[in-house]
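Take the given structure of chain A and dock chain B to it, following the hints.
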Amino acid sequence: MSSLQTPPLTAAQATPDSRTLRLVRILLPVAVLAVGIAAWELVVRLNHFPPYVLPAPSAVFVTLVADWPVLSQSLLTTLLTTLEGFTAAAIGGVALALLFNQSKWLEYSLFPYAVILQVTPVIAIAPLLLIYLPQQTAVIVCAWIVGFFPVLSNTTLGLNSVDRNLAGLFSLYGASRLQTLRFLKLPAALPFILGGLRIAGGLSLIGAVVAEIAAGSAGAGSGLAYRIAESGYRLNIPRMFAALLLLSAAGIVIYGLLALTSHLVLRRWHESALGKEN
Amino acid sequence: MAEPAALTETGPDPSGPAVSLRGVTKVYDSGVAALGPIDLEVRKGEFVSLLGPSGCGKSTALRLIAGLNAPTSGTVRVFRPVVGVRGRHSVGFVFQEPTLMPWTSVRENVRLPLKLAHAPAREADARIDQALAQMGLAEFADAYPRELSGGMKMRVSLARALVTDPDILLMDEPFAALDEITRFRLNNDLLALWRDLRKTVIFVTHSVFESVYLSQRVIVMTSRPGRIAAEIGIETAEPRAEDFRTSVDYAGYCRKVSNALAPSHPGQHSP
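As you go down the protein sequences, you meet chains A and B in turn.
Note that the first sequence covers residues 1194 to 1471 in the working numbering.
Note that the second sequence covers residues -11 to 259 in the working numbering.
The following block holds chain A by itself, in its conformation from the complex (with noise of 0.2 Å):
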C-alpha cells in the first residue's frame, strides 16, 4: 500500500533552505579561489615555469613566510600612511561640507578646486608633491587628496537632504543656526558621511600606494608599494605576489572596519543597516 500524504514541514526543515543558501554564498568564492590557486600551481609546475617568470602560488606563500620581518615592517608604514591620509580626509571633509553649507559664498569660491583637485590624476600630481614637500608629508598628502572627495561630496549631499518639514519645525522652535547643526543636519547626513568614509578608505590605500611608487626611486620609503617596486627592478617576483598580497588583504580589512562601523552606527533606524523582513 502506498500513501499519498505528505509529511508536514517542521521548522527545522523549512530553515535549511536560508541557512544553506548563506553557506553557499561563503563556500563559493572560497571554492573558486581554491580552484584558482591550483590551477595556478598546475600550470606553473606542469610548465616547469623558473619563478621570474611567475612564481608558483607555494613559492609566494614561502616568500611571505621568509620575508614577514622586511614586508610587515613595510605593511605597517603603509597602513600608517593610509591611516594618517584616511583621518585628515575624514576630518578635512567633513569640515569643508560644513563649511560650504554655512556658508554660500565659500561653497561657489571653493567648490569648483576641490572639483579639479578630484580630477586631475594623482599619479600626475604625486611627483610635483615630491619636489615641494618632505617625502612622508607628500604621501599623506596623496592620500588625503583622493581620499577627502568623496567625503566632501557625500557630506554636502547629506546636509542638502534634511526633512523640509523637519527644518520648519526646528526654525518653529527658535533653533539657533548651531542647535540645527548638531541636533538636525549632522544626524540627518550620518549615513551619507559614513558612506563617504566607506569610500575614501578605500581611495586613501590607493593614494599612499601610488605617492610610495612615485616616490620609489627616491630610495628613502619603505612602504609595500615601494616592496613592489624594488622587487621589480630585482626580478623578485615572488616577493611582488607576496607585497600584492598584502595590500589587497589591507584594502579588504579597511573596507570591512568601515561597513562593520557603519552598520553598528546606523543599526537601530536606517533603512541600509536594517534586514530585509522590515
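No wet-lab data here; the hints were simulated from the structure.
Mixed in with the good hints there might be a few duds.
[To be verified] To be clear about the criterion: a stretch of chain A counts as covered by chain B if any three or more of its residues have a C-beta under 8 Å from a C-beta of chain B, and this derived list gives those stretches:
#1 1301 to 1309
#2 1354 to 1363
#3 1455 to 1463
Idealized CB from N, CA, C, for every residue including glycine.
The following block gives chain B in isolation, referenced to the frame of chain A:
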C-alpha cells in the same frame, strides 16, 4: 497695501482672539498666488477647521500663522501670553507626515522642543512623561520611530506638539495618510484632549466629514488663489462622541458643508 508683518501681542482677555489675519495674501517666488486676500479671526479655545481641495492655500495659511513663512501682504497676528517658563512655546505644529527624527527614540523626539529651548532637564522629563501619557505612549518611550505604526507615529508627533504646553495647536492634515479606523480613534482622542486642555486648534483638512466631526466652525476655502468661500458653524452639544457620526444632525451639516464646497457656487457665503 499693509506692511507684511507677523505681530506678537499679549492678550489679557481670556475669550478674546487667539489668531487674527487681516487682508493676508501670499505669492510664492515662482509667481503663484497661493492665498488671499483673506480675513480670519479665531477666538481663544476655539476649534476651527480650514477645509478645501488641494492647492486652496489652507496649508499656506497655517504656515503663515506658524511663522514658517511670511505673508506677501497683510498682517498675521498671534496673541500670546507673556512667556515666563523656559521651553514654554505658544504655538504647536503638527505636519501631515509625522516628521520625526528617525535616528532617535520616541522620548528624545518629544524632548526636542524643550531641548532647543534649554529647559532644565528634570522639569523637561516630567513634562515629557506627561505628554507621552496623554497620547497613550508611555510604554513606547524607548522605541524608535520605524518600529511604530503610522497612527502611533502621529501620536508621537502630537505629544511633541503638546510638550511645550502651547496655547495654539496648528494641524496640517495630520490624519490624512492614516486608515479610517485609526483616524476615527485619533479624532476622538483629539476631541478629548481639546475638551480637557482647551487649546485653540486650527485644523487643516480636505475631509468634509472630519471637519464637521471635530470643529466648532468650518472655514470652506476655494482654490487659486485661496479664498474663504463660506463659514459654517457646527452647533452641536458637547461632548461629541462616536454616535454623533451617525446622527441626522451630522449628516445635515455634512451636506451643508459639501454644498458650500461644490464648484457650482463659487464665492457663496452661507450664514
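Tested hints:
1. Requiring three or more residues with a Cβ within less than 8 Å of a Cβ of chain B, the coverage given for the region 1301 to 1309 of chain A is violated, as only 0 such residues are present.
2. Beta-carbon proximity to chain B at under 8 Å applies to 6 residues in the region 1354 to 1363 of chain A; the threshold of 3 is reached and the given coverage holds.
3. Counting residues of the region 1455 to 1463 of chain A whose C-beta lies closer than 8 Å to any C-beta of chain B gives 3; at least three are required, and the coverage claim holds.
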